[in-house]
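**Student:** Given the coordinates of chain A, assemble chains B, C and D onto it according to the supplied hints.
There are 4 protein chains.
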Amino acid sequence: MINISLMGAGRIGKMHAEIISAHPDVNLQYVYDINKDNALQVAKQNNAEIVNSPEEAIMSDKIDAILIASATPTHTQFITMGAKSGKAVFCEKPIDLDIHKVNECMKEINEINIPLQIGFNRRFDNSHAKVQQARLKKEIGELEMLIITSRDPEPPGLEYLNAAGGFFRDTTIHDFDLSRFILGDDPIIQVTAFGENLFDENAKKADDFDTAMFILKSREGVLIHINNSRRAVYGYDQRVEAFGSKGMIISNNQTITSVESYTNKITSSKEPILHFFIERYTQAYKDQFNHFIECIKNNIKPSVTFEDGRNALIIANAAYESHKQKKTIEITYE
Amino acid sequence: MINISLMGAGRIGKMHAEIISAHPDVNLQYVYDINKDNALQVAKQNNAEIVNSPEEAIMSDKIDAILIASATPTHTQFITMGAKSGKAVFCEKPIDLDIHKVNECMKEINEINIPLQIGFNRRFDNSHAKVQQARLKKEIGELEMLIITSRDPEPPGLEYLNAAGGFFRDTTIHDFDLSRFILGDDPIIQVTAFGENLFDENAKKADDFDTAMFILKSREGVLIHINNSRRAVYGYDQRVEAFGSKGMIISNNQTITSVESYTNKITSSKEPILHFFIERYTQAYKDQFNHFIECIKNNIKPSVTFEDGRNALIIANAAYESHKQKKTIEITYE
Amino acid sequence: MINISLMGAGRIGKMHAEIISAHPDVNLQYVYDINKDNALQVAKQNNAEIVNSPEEAIMSDKIDAILIASATPTHTQFITMGAKSGKAVFCEKPIDLDIHKVNECMKEINEINIPLQIGFNRRFDNSHAKVQQARLKKEIGELEMLIITSRDPEPPGLEYLNAAGGFFRDTTIHDFDLSRFILGDDPIIQVTAFGENLFDENAKKADDFDTAMFILKSREGVLIHINNSRRAVYGYDQRVEAFGSKGMIISNNQTITSVESYTNKITSSKEPILHFFIERYTQAYKDQFNHFIECIKNNIKPSVTFEDGRNALIIANAAYESHKQKKTIEITYE
Amino acid sequence: MINISLMGAGRIGKMHAEIISAHPDVNLQYVYDINKDNALQVAKQNNAEIVNSPEEAIMSDKIDAILIASATPTHTQFITMGAKSGKAVFCEKPIDLDIHKVNECMKEINEINIPLQIGFNRRFDNSHAKVQQARLKKEIGELEMLIITSRDPEPPGLEYLNAAGGFFRDTTIHDFDLSRFILGDDPIIQVTAFGENLFDENAKKADDFDTAMFILKSREGVLIHINNSRRAVYGYDQRVEAFGSKGMIISNNQTITSVESYTNKITSSKEPILHFFIERYTQAYKDQFNHFIECIKNNIKPSVTFEDGRNALIIANAAYESHKQKKTIEITYE
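Chains as they are written, first to last, in my numbering: chain A, 3 to 336; chain B, 3 to 336; chain C, 3 to 336; chain D, 3 to 336.
Note that these hints are calculated values from the structure, not bench results. Don't take every hint at face value.
Identical copies carry no separate label here, and so any pair may be met within one copy or between two of them.
Listed next, the in silico DSSO-like pairs over lysine-lysine satisfying Cα-Cα at most 27 angstroms (straight line) [as the list claims (entries may be wrong)]:
no.: 1; residue 1: Lys326; residue 2: Lys219
no.: 2; residue 1: Lys95; residue 2: Lys109
no.: 3; residue 1: Lys95; residue 2: Lys140
no.: 4; residue 1: Lys248; residue 2: Lys207
no.: 5; residue 1: Lys267; residue 2: Lys46
The shape of chain A in the complex, shown without the other chains:
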């Protein structure tokens, strides 16, 4: 049995608590949240205990691993504390919104050899992973273009927006990582970014975008397009298209059922697509956790590293720079 402390019992923490509880080889031991009621509720539902401080949750001898789903500004502190206590660490994205804090953390844990995984769940989606495999096995020949469409069903509230660190660092960061995942050993070296505020009043108040487009370029010359919106009325639009010298592979949207309808107005109309990330990536969230547990058991390095989290943030920061300067920005990862 692997004993785990859950840091953070909000919406995403709750989801993780259920995944932890359902895993046959894992025990949810402690739940910590700055809001004690949240912690109590999640602990109760999953037969866990609450603790009153991060230190108790992270440094206890009973604990083998920690899962960090707390507010973003706490991430680096908990990662460092976990690593220094020799615990395996799973941390939700982003590592932090401030690259300096990320670099600081990196230095602190640099010498410590523990399983450390960042929560880029989309890498574990079966369909997206097929695209990555197709590139790896050259099923579509040499990759030439990659097109990612990623649109949320509805905009979040103002409070969320104020804490999220901006559209590129909060949302597009997933697509930056997915691009890096599919490109494999061919690094992204350029980004050009366009953000707009077209409809969302809250985004306007938060001085944020609700619509964005990007073009990135890899060292080998692969061109990557990403487009994002905070509101797709037809659901959580998640598509990946890889185009190469020998063909194309598309990871398409998924619907609730396999039903098609025909009336005097519509033909072969499908059911609504899966509403949002919790529905669309249910299995991916489980599979990323399974991977984390397998890494702990076998003492191997998780496939989604601290560096992956850092690099995605570096691209997001460059994207902001591009938007500001209205030009293409070269990316360096030092």
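**Tutor:** Coordinates of chains B, C and D only, in the frame set by chain A:
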């Protein structure tokens, strides 16, 4: 130039007139219709002349071929007249509703060697023909099941129904022929038929069905299902599915455009499917006529023969017998 | 906690054991199988105990419910024993292959009021259930035709075939039940059946079919077509099409991922469809068990009754009669 | 009868000759080509005469309209000559590769009021036009993003590349125009362009790109993405996706037939998509010509104007500037 007389200038005759006129190697010389106004209108639109009797239209020395699109009871008479005058003959389906008249006609023209083609247009549809080719080339291995869905968008009027000879002989006859086309040298030897009157008041008055299902069997044991309706609110539903030992091939419906729509109610909804036979089989009607002209030019036998017309009628008649007797009927083609 | 005995630890029993174990409100207490090794293995994997006789498994005071997944000939005996002990009973289909044993059992348990559910898992498939809902809510107007395609990926072995009771009672029985489910209060009153042995040597040895087609009719005149095969090389083909006065709804096949491929040979080719019933109906199996547990908790009658199991068998028997007599058979359910 | 002179009898001129010949209200009178053999062949096939100079073809009193399908450098000269002779003018895209020549031509013909249409055929494609209509009628609410995928099946030869004026002016110009068409009265004000040479040796020799991506922005803030390739092994990939506040509409690819195949390796694989522009836009080419003829008959201004041709070129030029300067370029149309 091949000079053609058109017999019948109603809805379907009009369509044929346009196809004839557009063909570069063919001249529409005469139009005959029992209704002189119809004949005049079609002749005028296509730079042809009208004639006052079938004899003038068919037996004139100027004429190389006749296209029969007149009322069904006139078909055998015109075929015989055309054949005896040495004209190439294209005749719309069905040859006749009465098998005795068909047999009589067969005897009359038996010894005459002219190109004679029956208007089973669906054989010339690219998509359906792909299914036939797949069976022929054993792309799906051995054919085991064939499923034909054939539904009209809306029921015809009472007048049409009273003259049409019944649902099986008017509508299903196309599907019987399509089955024979796909089965090739493996003849249909059995039919079981189910007709219902579920919604159409005119069909009730005409003592006809509006809904029907069939199961047929070939000598090799292939099972064939056909289903028909006089009313599909979403359009002219035309599908063919061939299932075999090595796979399946489906000829699917076709939409007006390649557009898909997404709203908060529907996802990937396609445009309406093509409304009815004139829209769906536009190209097939042209291609069957091209085939007829090629057969005349090269003096070869058309691929859709008098026998094909007769055999489809024999199946339709057996289907009525099956419905009446509530049992499976063995089919003989003598 | 609801304590359950599992009767039968073969392939399907093993699957049920996992579903039982994963349910938060249920405890797998006992496993019984005539083959003790099977029982031991399943018990061990699910932290249950084995017992040496059906009586111990069924009549124990510790037990609240039994799940019967043993060989078909034992079903009625175990149902009766369970019912008489006041246990809730879930029984895999078919109840029995012999209608006399089924009628006998019905009489025995007639007066006993316990939750008793038959394992027609397809009723719990989300997509098929949408079709049933569409019919119920008249979303497609009045139902006029129903078309069920149900094909296994590969034929079973001879041993299975010899015990299965014939293609219609083993396989089509699911489609008969699904038809009844969708038709709701409109009973099936007629069946015409066609069975063929086209490819499977084992089926030939077992004097069984490998290919079949059916047309059924309901009291309201709805025509139903079913087609079955023991071998579809492209996977477990499970489709339901309901056609009505106001439209059509289709429950389509499902693929492993949402990926589409394009090469110089193929376009928009999807991934393989889900291989067989365990993959295709994973969630349906869970949901039918959840329904059973909810019925126990709330002491209500399960939606899939003993009568449903009996009526599907009656249709299957009539189908055999139709095949033998080569005619349509009227069905009575007394 | 409208008498037309065809300028240029190469590949595209030949296609236009056939469209002209098939139109019932139009007569192809003269064919001119600098290569007399080309002219002779096309004239013969379409019952037209050849002439020995552009002047004869354009200025003849017999002539009502000219269709310019000759080499790009001749376009402005022929437009001017036609306009000054009072002839209606249809000119293939681009007007010219040099904006100065285009401006010069514009000044020359500015005061002359004749029907003048530029050959942006894609505007006349039914499916793309549905997208434009959906934007116009606000069926998808306010347009927020537009994504155009446009990929040729195979690269042209070196000779073609050397004369074509570069990838952006030869190919993307269609997509720039299509964007302008869909955006309607909301002008494009910005472009950022990325060109790569990834695979085509001829393109390399011609100092041209084979792969490109673009982001454009309209005055209202609509973001537009275009991606192009000279080689898609699966065929001529032509897709348009418009995303708005109330939904999305996609104009998808089109296949030769409506057939789907299933084997043990692939499922629901469609037929090849239409190979190239002549196959994909057959009807669009006819419909743009019909529009031109209707404009002549009714003396109205064609919907695709000289200005449209000029504006698309201005965007293409700005795209080259963006690529060179590695930054976003503001577009002015003066």
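**Student:** Indicate, hint by hint, whether the structure satisfies it.
**Tutor:** Okay, the hints, checked on the actual structure:
For the homomeric pair Lys326 and Lys219, the shortest alpha-carbon distances inside one copy (19 angstroms) and between copies (15 angstroms) are both at most 27 angstroms. In this assembly of identical chains, the alpha carbons of Lys95 and Lys109 lie at most 27 angstroms apart only when taken from the same copy (19 angstroms versus 59 angstroms across copies). Taking identical chains as interchangeable, the C-alpha atoms of Lys95 and Lys140 are never at most 27 angstroms apart, the minima being 30 angstroms within one chain and 37 angstroms between chains. When the C-alpha separation of Lys248 and Lys207 is checked against a cutoff of 27 angstroms, the pair qualifies only between copies, where the shortest distance is 23 angstroms, while the shortest distance within a copy is 47 angstroms.
In this assembly of identical chains, the alpha carbons of Lys267 and Lys46 never lie at most 27 angstroms apart, being 50 angstroms within a copy and 38 angstroms across copies at closest.
When held up to the earlier numbered hints, the structure conflicts with 3 and 5 and fits the remainder.
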